[in-house]
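Enquirer: So the sequences go chain by chain: W and H.
Under our numbering, the first residue of the first sequence carries the number 33, and numbering increases by one thereafter.
Under our numbering, the first residue of the second sequence carries the number 33, and numbering increases by one thereafter.
Watch out, some of these pointers could steer you wrong.
Same chains, same label: a pair holds when it works inside one copy or across any pair of copies.
[What the hints assert, rightly or not] When the alpha-carbon atoms are kept at most 30 Å apart in a straight line, the in silico DSSO-like pairs for lysine-lysine are as follows:
| hint | residue 1 | residue 2 |
| --- | --- | --- |
| 1 | Lys68 | Lys274 |
| 2 | Lys324 | Lys350 |
| 3 | Lys315 | Lys200 |
| 4 | Lys133 | Lys266 |
| 5 | Lys300 | Lys324 |
| 6 | Lys315 | Lys350 |
Hint data in this document are derived by calculation from the structure and do not stem from the laboratory.
Protein chains: 2
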Amino acid sequence: MKPYVLGIDIGGTNTVFGIVDARGVVIASNSIKTQKYHKFEDYLNELYTEAMKIIEANDAVDKIYGIGIGAPNANYYTGMIDSAANLPWETPLPLAELVSKKFGIPVAITNDANAAAIGEMTYGAARGLKDFIMITLGTGVGSGIVINGQLVYGHDGYAGELGHLIVKRNNGRLCGCGRTGCLETYCSATGVARTAREFLETRTEPSLLRNLPIEDITSKDVYDAAINGDKIAKEIFEYTGKILGESMADMMVFSSPEAFILFGGLAKSGELLLKPMREAMEKNMLPIFKGKAKVLLSELKEADAAVLGASALGWEAKPMPAAAPATAAATAAV
Amino acid sequence: MKPYVLGIDIGGTNTVFGIVDARGVVIASNSIKTQKYHKFEDYLNELYTEAMKIIEANDAVDKIYGIGIGAPNANYYTGMIDSAANLPWETPLPLAELVSKKFGIPVAITNDANAAAIGEMTYGAARGLKDFIMITLGTGVGSGIVINGQLVYGHDGYAGELGHLIVKRNNGRLCGCGRTGCLETYCSATGVARTAREFLETRTEPSLLRNLPIEDITSKDVYDAAINGDKIAKEIFEYTGKILGESMADMMVFSSPEAFILFGGLAKSGELLLKPMREAMEKNMLPIFKGKAKVLLSELKEADAAVLGASALGWEAKPMPAAAPATAAATAAV
Numbered sequence: 033m034k035p036y037v038l039g040i041d042i043g044g045t046n047t048v049f050g051i052v053d054a055r056g057v058v059i060a061s062n063s064i065k066t067q068k069y070h071k072f073e074d075y076l077n078e079l080y081t082e083a084m085k086i087i088e089a090n091d092a093v094d095k096i097y098g099i100g101i102g103a104p105n106a107n108y109y110t111g112m113i114d115s116a117a118n119l120p121w122e123t124p125l126p127l128a129e130l131v132s133k134k135f136g137i138p139v140a141i142t143n144d145a146n147a148a149a150i151g152e153m154t155y156g157a158a159r160g161l162k163d164f165i166m167i168t169l170g171t172g173v174g175s176g177i178v179i180n181g182q183l184v185y186g187h188d189g190y191a192g193e194l195g196h197l198i199v200k201r202n203n204g205r206l207c208g209c210g211r212t213g214c215l216e217t218y219c220s221a222t223g224v225a226r227t228a229r230e231f232l233e234t235r236t237e238p239s240l241l242r243n244l245p246i247e248d249i250t251s252k253d254v255y256d257a258a259i260n261g262d263k264i265a266k267e268i269f270e271y272t273g274k275i276l277g278e279s280m281a282d283m284m285v286f287s288s289p290e291a292f293i294l295f296g297g298l299a300k301s302g303e304l305l306l307k308p309m310r311e312a313m314e315k316n317m318l319p320i321f322k323g324k325a326k327v328l329l330s331e332l333k334e335a336d337a338a339v340l341g342a343s344a345l346g347w348e349a350k351p352m353p354a355a356a357p358a359t360a361a362a363t364a365a366v
Numbered sequence: 033m034k035p036y037v038l039g040i041d042i043g044g045t046n047t048v049f050g051i052v053d054a055r056g057v058v059i060a061s062n063s064i065k066t067q068k069y070h071k072f073e074d075y076l077n078e079l080y081t082e083a084m085k086i087i088e089a090n091d092a093v094d095k096i097y098g099i100g101i102g103a104p105n106a107n108y109y110t111g112m113i114d115s116a117a118n119l120p121w122e123t124p125l126p127l128a129e130l131v132s133k134k135f136g137i138p139v140a141i142t143n144d145a146n147a148a149a150i151g152e153m154t155y156g157a158a159r160g161l162k163d164f165i166m167i168t169l170g171t172g173v174g175s176g177i178v179i180n181g182q183l184v185y186g187h188d189g190y191a192g193e194l195g196h197l198i199v200k201r202n203n204g205r206l207c208g209c210g211r212t213g214c215l216e217t218y219c220s221a222t223g224v225a226r227t228a229r230e231f232l233e234t235r236t237e238p239s240l241l242r243n244l245p246i247e248d249i250t251s252k253d254v255y256d257a258a259i260n261g262d263k264i265a266k267e268i269f270e271y272t273g274k275i276l277g278e279s280m281a282d283m284m285v286f287s288s289p290e291a292f293i294l295f296g297g298l299a300k301s302g303e304l305l306l307k308p309m310r311e312a313m314e315k316n317m318l319p320i321f322k323g324k325a326k327v328l329l330s331e332l333k334e335a336d337a338a339v340l341g342a343s344a345l346g347w348e349a350k351p352m353p354a355a356a357p358a359t360a361a362a363t364a365a366v
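With the rest of the complex left out, here is chain W (with noise of 0.2 Å):
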């Protein structure tokens, strides 16, 4: 068998990619941008040239049994990506046929979350664990369900968008999705923004934060100003923290996971947010599931992340069948 995989993870602004062994040791990576290649075509080939420098260089050539990639609304089922408000190209996008057939080798991909996920299971805070549930919190809310050792893809392959649960059926923020009180609009990093914004107009208190133009401040604002003793910076965790435990005792009713993993920018606030978060779930969880879930954070060192994910499924990537012939060829170039 074909000693690595290559996993890319195409972000809004970077695409990393690195090719990774069987015990998930990063051999060799590096990235390009996505936003500077407004065609796919180029896109790829780009992608293309990039990787094939590091596959060569380390001798991997004829060596990569798959490709496995994370991408914003990549759908596992249909290798397709339908649409993206944060990538430049024209959708739908039959992504995986299009990277098959310029690699010459199977692809699969899912959304990044759901990589994430997989990474995690493979790879870090989720190894051995049959039933748990990745939180990404970063710029928005995501999440990867696994049920029984399975990644949930649901019927149509867009299953665990966790991020939109509503948590404020009234009088909710607005969402990117369109509609109201989403998850991810109140504990993401934007949504810690907001509540900082929010805060700061609706109340008088003296905070570090109003020294800075309120439309700029950042998550890693409120953070900073939070480990410094800032009493608002500190509501606004607290704030965040009780809706995001709140949401999580409701998730726990659905598949009952052993362990919720918590990835991403906002994860790293340590017990501001954690503390917080744990009472709410404890304290709104249904008394059959008290003291049941752990709250893990991700093992995987921030940078690996991604392509460790994106790899993890690489090794389940299964030649297209109507791609065949061409991978034939490609692999032949190869």
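Got chain W sorted already, so can you dock chain H onto it with the hints?
Expert: Chain H in isolation, oriented as in the chain W frame:
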């Protein structure tokens, strides 16, 4: 292979059991009163005696492959009932082990809503569906979640308690679980009756329901009044359907089921409930899921549903390792 399974549905009032063949035909069935036996031993003796009567009468001795049991709070993994407010016996109760020893036949158990989902998947509206959510609208609201063709048990066997999703975070109704705002306090038969009392007390319009003692109003009374054109009664169903639909839109972001299957007394209210439910579900749906989820009604005959659901689990029953010698002896005795 032995051609039959024995399905046992243990309800708070009655225990219904039946011999079922592989195509889902109920060969024979009968019932005993659950509440009559305060000691489980006495109950089990009576259940055994009565079940053996129909087994012998149908020449099915030594032809029962397994026994499937649906019972409140029954745990698939442990075979135990840890606690159950509606059953007269001391808990924790090692139900699977005791029944298996008594009959000399492997036993698998799960809770009643899960049993209904398995029955629907094996014999009913969910045949051929790999991803669906069964919602039972009875005295309470139960659920059985099927993902990728497998029932979701969660890490501890208690997954799928969607009746305890919080639909009203503040000032919600007190639930039997000790918390407030659970879905089942609004969208069960008792929830409908509570809504009726609330509406009648806070409003002044005339209503057919005002002819009834307010504490005795049932969901059936509300249904009858609505069918007769009563405005308040119709609004009660609109209120109930709206909350259910909003909640189903939330369930969708979790597992993206192909269909919801509704079961139980309240599901038979037809368009009175289904119309506002569908409207609220679609209105609150994350755009990517709009128009995708079917809403189906259970296809199992009311009288057979519980037994069929439980019996389908019988095909999954495996001999209990610890009980093997006793089982063998008991089989010989049979």
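Enquirer: Of the numbered hints stated previously, which ones are contradicted by the structure, given in increasing order?
Expert: As far as the earlier hints go, 1, 4 and 6 are violated by this structure, in ascending order.
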